[in-house]
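Chemist: Sequence:
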Amino acid sequence: MFVLSVLMTSCVQRQEVGLERVRRAGELRWGADAQGGEPYAMEDPEVPGRMRGFEVELADALARELGVRARFIQNDWSSLIPSLERGSFDVALNGIEITPARSGRILFTRPYFIFQLRLLARRDDDTVTGLASLRGRRVGTLANSQAWDLLQREGIQAVPYEGVEEPYIDLEQGRVDAVLMDDLIAQRYGQPRAGLRVVGDVGEGYYAIAVRPGDEDLRAALDVALGHIARSGELRRIFARWNIDSAAQQRMVEWSDAQTREVLAQTQAPRLGWAQWVMFLQASLVTLVVSVGAMALAVPLGMGLALARLYGPRWLGRLASLYVELFRGTPVLLQLYVLYYGLAGVLRLDALSAAVLGLGLNYAAYEAEVYRAGVLAVPRGQLEAALALGMSTPLALRRVIFPQAFRVALPSATNDFIALLKDSSLVSVISVVELTKRMTITAVDVRSWLLPGALCAALYLAMSYPLSLLARRLEARLERG
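Per the UniProt record's numbering, residue 1 is the first one in the sequence shown, and the count goes up by one each step.
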């Protein structure tokens, strides 16, 4: 009976859609990413756990109009739309731009804010005069944004970022030639930097609230609520409190349904054609380069750390142990951030070099333990016998110990390389477009996650499976030897 009641309750919940679901729950769950920072939605530094921002105030006002309360749901900005589709929250409200790829996939309310696409360059670089001067050059922006689409159409190499401050750090360091972002972001994170200058505004766009297909009644209720908030003057008062109001925002007050239909006019979604296949193959090559390069660094460094712990002087062994514990005990994502952004002022590395170095340093700690275990698996008497025969310690290690230790360590080392192949997806946080990042970009472009995801998985398998076969063959050969 209990199982039956649960099933019946779940069926009723599934039948509830849109406005009915929100009112029954008594709350409007809105998804956003606090990493986006000011002025959108961020944690209040004075009251930990409380959110503040103009979109926080807008969500509260909309919930009040619907007769419910607003509840913030943290979600990574790049996956807001997929999370909305799977039902993690009722609406996505976080600077969601109306783009063709999104408008054919989800529902949008009437816009609530007009923004400009603002181009920034280095103050000492006079060659950047507009988008036309950047063809063939690197320009940072957020992936799958309106700025991203514009750069792609103009034939400019768009460099994807997941945060709003990192592109301007890279611009100062000379890693990109310009940054194209919404003016709200540029005003707070780019323009205050003394080494950067505003080139100009090159486009206009709209923020709107994203709603799941099937929740048309919720969208209609939100449209009514937005219209009331705008006409009452509350919307612009919210903007004014966050210093983002301008004469252009008066259009939000006078906005009509016909303008909404015009802005939301759908365009045909691009298909997964040959161009995307080529980009997938290029991203696979980047994944291989990063993985092979990192492993080429991790193997000798790991071997050196293992020998230092086993045969080096005490102080060197302690330093090696400290290295292993430090890199194994902290997230590789944090290490990549510190290496690429934190040390940008003293260590100027391009994104690919930082990716190889960061993963290599991290995996060296794991390889050190693998090789140390392999050496310890060889009976100590063999080293003593080799020394008794007159061999020096380095010669005994090279001829007697290492060949046997290599056979013991090979399976674990192979597994580490396969794991590294998959962990290379983390380097997308420092703007490297590897295989997984290419998949997420393409999935949004073609409005489907199934086929790009399957292609991504097949390419990973095509890279890792031959390595497994090679390792097994080598193990069998060593056993026969």
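No lab work stands behind these hints: they were computed from the structure. Some hints could be false.
Said to hold, decoys possible - FRET-style restraints, in silico, Cβ to Cβ:
id: 1; residue 1: W242; residue 2: G200; range: 54 to 64 Å
id: 2; residue 1: W449; residue 2: W315; range: 49 to 59 Å
id: 3; residue 1: Q259; residue 2: V202; range: 14 to 24 Å
Glycine included, C-beta positions come from ideal geometry on N, C-alpha and C.
Chemist: Each of the hints needs a verdict: does it hold here or not?
Modeler: Going through the hints against the structure:
| no. | hint | in the structure |
| --- | --- | --- |
| 1 | W242 - G200: 54 to 64 Å | violated (24 Å) |
| 2 | W449 - W315: 49 to 59 Å | holds (52 Å) |
| 3 | Q259 - V202: 14 to 24 Å | holds (22 Å) |
Hint violations for this structure: number 1 only, all remaining hints satisfied.
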